[in-house]
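Kindly produce the complete structure, drawing on both the sequences and the hints.
Chains A and B, in that order, are what the protein sequence lines are.
Just so you know, we're using the UniProt record's numbering here: the first sequence kicks off at 1 and counts up by one.
Just so you know, we're using the UniProt record's numbering here: the second sequence kicks off at 1 and counts up by one.
Calculated from the structure, these hints are not laboratory results.
Don't take every hint at face value.
Said to hold, decoys possible - Simulated crosslink set (DSBU-like; lysine-lysine; CA at most 30 Å straight-line):
1. B:267 x A:254
2. B:122 x B:30
3. B:30 x A:254
4. B:267 x A:104
5. A:104 x B:278
6. B:106 x B:122
7. B:183 x B:122
8. B:150 x B:106
9. B:30 x B:114
10. A:200 x B:183
11. B:113 x A:254
12. A:104 x B:113
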Amino acid sequence: MQLSLNEDQTQVLDFIDSLAKPYATVPMHDVSLALESAELDEALVENGFLDVMAVEELGPVMAALVIEKLARLPFAVEAAASAMVRPLIDPELPRPLCLMEEGKARKPLRFLRPGATVVVVGPSGVKSFTATENMIAPAQEDTLYGYPVAFLTSQPDSMTSHDVDAAEILRAWRVAMAAEAAGLLGAALASTVTYVSERKQFGRPLATFQGMRHRLAEDQVLTNTAYWMAMRAAGTGSQADAAMALHHAQEAAKRVCYDYHQFLGGMGMTLEHPLHLWTYRLKLLTAELGGRGAQGLAAAEALWG
Amino acid sequence: MQFEWTEEQDAFRHKIRDFLHANLPDDWEKFSEHGPASPALTAFAREFCVKLADAGILFPHWPVEMGGEGLGPWEQQILAEEMWIAGEPRGGQYMNVNWIGPTLEKYGTDEQKKRYLEPITKGQSLWCQGFSEPDAGSDLAALRTRAELKDGNYVINGQKIWTSYAGLADTCFLLTRTSDDRKRGITIILVPMDTPGITVRQIPSLIGEGDIHEVFFDDVTVPESARFGDEGQAWEIIGYSLRNERLGIPRFTLARAALDRAVQMLKDAGDFDSEYVKIEAARCAALCEAAGTANYAVVQRRVDGLAIGAESSSARYATVMAERAVCEFVIEFLPEGLAGASPYLKMHHQRGIVAGVAAGSAEIQLNIIASEVLELPREPR
Ligand SMILES: Cc1cc2nc3c(=O)[nH]c(=O)nc-3n(C[C@H](O)[C@H](O)[C@H](O)COP(=O)(O)OP(=O)(O)OC[C@H]3O[C@@H](n4cnc5c(N)ncnc54)[C@H](O)[C@@H]3O)c2cc1C
Numbered sequence: 001m002q003l004s005l006n007e008d009q010t011q012v013l014d015f016i017d018s019l020a021k022p023y024a025t026v027p028m029h030d031v032s033l034a035l036e037s038a039e040l041d042e043a044l045v046e047n048g049f050l051d052v053m054a055v056e057e058l059g060p061v062m063a064a065l066v067i068e069k070l071a072r073l074p075f076a077v078e079a080a081a082s083a084m085v086r087p088l089i090d091p092e093l094p095r096p097l098c099l100m101e102e103g104k105a106r107k108p109l110r111f112l113r114p115g116a117t118v119v120v121v122g123p124s125g126v127k128s129f130t131a132t133e134n135m136i137a138p139a140q141e142d143t144l145y146g147y148p149v150a151f152l153t154s155q156p157d158s159m160t161s162h163d164v165d166a167a168e169i170l171r172a173w174r175v176a177m178a179a180e181a182a183g184l185l186g187a188a189l190a191s192t193v194t195y196v197s198e199r200k201q202f203g204r205p206l207a208t209f210q211g212m213r214h215r216l217a218e219d220q221v222l223t224n225t226a227y228w229m230a231m232r233a234a235g236t237g238s239q240a241d242a243a244m245a246l247h248h249a250q251e252a253a254k255r256v257c258y259d260y261h262q263f264l265g266g267m268g269m270t271l272e273h274p275l276h277l278w279t280y281r282l283k284l285l286t287a288e289l290g291g292r293g294a295q296g297l298a299a300a301e302a303l304w305g
Numbered sequence: 001m002q003f004e005w006t007e008e009q010d011a012f013r014h015k016i017r018d019f020l021h022a023n024l025p026d027d028w029e030k031f032s033e034h035g036p037a038s039p040a041l042t043a044f045a046r047e048f049c050v051k052l053a054d055a056g057i058l059f060p061h062w063p064v065e066m067g068g069e070g071l072g073p074w075e076q077q078i079l080a081e082e083m084w085i086a087g088e089p090r091g092g093q094y095m096n097v098n099w100i101g102p103t104l105e106k107y108g109t110d111e112q113k114k115r116y117l118e119p120i121t122k123g124q125s126l127w128c129q130g131f132s133e134p135d136a137g138s139d140l141a142a143l144r145t146r147a148e149l150k151d152g153n154y155v156i157n158g159q160k161i162w163t164s165y166a167g168l169a170d171t172c173f174l175l176t177r178t179s180d181d182r183k184r185g186i187t188i189i190l191v192p193m194d195t196p197g198i199t200v201r202q203i204p205s206l207i208g209e210g211d212i213h214e215v216f217f218d219d220v221t222v223p224e225s226a227r228f229g230d231e232g233q234a235w236e237i238i239g240y241s242l243r244n245e246r247l248g249i250p251r252f253t254l255a256r257a258a259l260d261r262a263v264q265m266l267k268d269a270g271d272f273d274s275e276y277v278k279i280e281a282a283r284c285a286a287l288c289e290a291a292g293t294a295n296y297a298v299v300q301r302r303v304d305g306l307a308i309g310a311e312s313s314s315a316r317y318a319t320v321m322a323e324r325a326v327c328e329f330v331i332e333f334l335p336e337g338l339a340g341a342s343p344y345l346k347m348h349h350q351r352g353i354v355a356g357v358a359a360g361s362a363e364i365q366l367n368i369i370a371s372e373v374l375e376l377p378r379e380p381r
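This is the structure we're talking about:
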């Protein structure tokens, strides 16, 4: 065991910090439902941050760390699938990558747009195709999710088949989502803690009320362990670890999103506070890969057969 | 105990349903996605409430002296349930018939009753509730908007926030400070929203267009006769009206209807086979029904003429639990519902997520339950 960051990891994360600095905050009155930045995306690609997994000294834990770090930004970045899943299928697949469960086209796909690569994962293997305008229906404009989402209305007859194990891709997908959720959980917690420490009612900071302190402290425990579960799953490559990591993150997401919106009161309903950017991304992630129940079944299968 | 509705109550419910069926436009479900305070729904409600008034189902629960049929709390509950499940086609006017009207009747001067009750009964007025302020939310008694009596007029200065309907309301039920006594220094003033010096700013929100606002009062001057009740009587009066409001919205019914809709959509998609989805759905259903029983227990107290205290907090918290579960269920298993696949589910989501904050935070309800139901010793000050 060696759980502290090594020099390479620290360096990469520091690089990302400085590169992402201009995107770390958003002006309070300029927040839309789904924030994206093409420049940020480009900078990440140019500097190779989404390709760290393939670099021998860096590997999957580094990829998970990158995903976690980027998820903390108020801006939505398609990093998880690209950094953790793409290298296992074909590192040259054009981004953004949209992962889809076979037969689940009814669900909104994150980052779906013309030119995106849709990867379909399921019993009949792993296949991909490039999305074109005529296959895409936009989601309604004021959808709340904090990610750009759209619907796939049709799929091409012929897709590229990839000679990879679908179970392995599913595993990496779970780890990638768990790492992304960990970052979102961390950012949402930090944002809430700041608010309730500053906001006063009854002549004292809200954070001095014990009822709130205990819930926030439990939320911290869930957030912290979601981080470690995601990193461990990335490191071990185990199916059970991956399923448990995503299960844990999805459980945590349900719990904390409710708490944080409660603790912000009316402010939590506005677009003028950024909390919703992280919580609505987390909410959408609770639906990923069938939700907690499906992760639970996958974990049980991996653990006990 | 008896858990069935009477034949008359069933007939009353069907009368409302039939009316809604006959009078809501075909595209209503898509339309009602506009929040209850949106310009679109407010305009719609101005016509729809007139029809309700003509059909005798705008305020049938009001006493006969007020022009109602004196039907009572169960019928008021049934009316509210059917309207809320349908997406609240009365818009903000539900407040009028639930608590503004009865409160005017109980505490208003003859002049105030004459001026304000008639437009309510004709389905023609929209009120807003100016209680919360930037520094007075859960701690409402900390409010600072001042009203000073000068030469027979009140001059009002200050700011309200989160005010629903403010953008389109014609009158504000405004809480002001007239002396420094925390609770007994608060006075209600009924302020026409077109009075000079009032500025309204809409706050962009997760719950749709037109819902929450900031309202600024800058030397807003109204005659002394606009005061509602005595100086310092506000706390008593809003205690009365908020108790009505806390039950005013039967949210558990829409939560249940949204759940049923979601399950149907899952069945249609062939995704209702797995046991964990069924177990989660059943858990949500039980929470909705639990909230229903808690709400009905409070209605019974009203029927019996008993005082309503912390029971309403208990019912509200049960409702928050149900809303939370259904909102989470829908996103977990039907995330497309909020992205365009179901206007009804999106409408429910946007109304459901405020359950734990609007009209007093869930955590404040827990404090009330702890102190008044459990009679736990209080935290030392
Ligand atoms: C959709 C919507 C519509 C509204 N409409 C109106 C309206 O028309 N008119 C109006 O006047 N107001 C309205 N409100 C305001 C509403 O009444 C307040 O938001 C509510 O009372 C909470 O106040 P706050 O937002 O200032 O939160 P705060 O008082 O800052 O509280 C934030 C959170 O802190 C926690 N907290 C606070 N006190 C305690 C405590 N003692 N112990 C433990 N935890 C605590 C709770 O979780 C609470 O939710 C509306 C709000 C919403 C969301």
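Hint check:
1. At most 30 Å may separate the alpha-carbon atoms for a hinted pair to count; residue 267 of chain B and residue 254 of chain A meet this at roughly 24 Å.
2. Annotation: proposed proximity of residue 122 of chain B to residue 30 of chain B holds, straight-line Cα distance about 27 Å (limit 30 Å).
3. Restraint check for residue 30 of chain B and residue 254 of chain A: the C-alpha separation of about 28 Å stays at or below 30 Å, so the hint holds.
4. Of the supplied pair hints, the one linking residue 267 of chain B and residue 104 of chain A holds, its CA atoms being roughly 14 Å apart against a limit of 30 Å.
5. For the proposed pair residue 104 of chain A and residue 278 of chain B, the alpha carbon gap of about 18 Å is at most 30 Å, so the pair holds.
6. A hinted pair counts as satisfied when its Cα atoms are at most 30 Å apart, and residue 106 of chain B with residue 122 of chain B qualifies at roughly 20 Å.
7. Restraint check: the Cα-Cα separation between residue 183 of chain B and residue 122 of chain B comes to about 35 Å, which exceeds 30 Å; the hinted pair is violated.
8. Between residue 150 of chain B and residue 106 of chain B the alpha-carbon distance is near 27 Å, which keeps this suggested pair within the 30 Å criterion.
9. Restraint check for residue 30 of chain B and residue 114 of chain B: not satisfied, since their Cα atoms lie roughly 38 Å apart, outside the 30 Å limit.
10. Taking the CA atoms of residue 200 of chain A and residue 183 of chain B, the gap is near 19 Å; set against the 30 Å cutoff, the hint holds.
11. With a CA separation close to 48 Å, the supplied pair residue 113 of chain B and residue 254 of chain A exceeds the 30 Å bound.
12. Pair hint residue 104 of chain A plus residue 113 of chain B does not hold up; C-alpha atoms about 58 Å apart against a cutoff of 30 Å.
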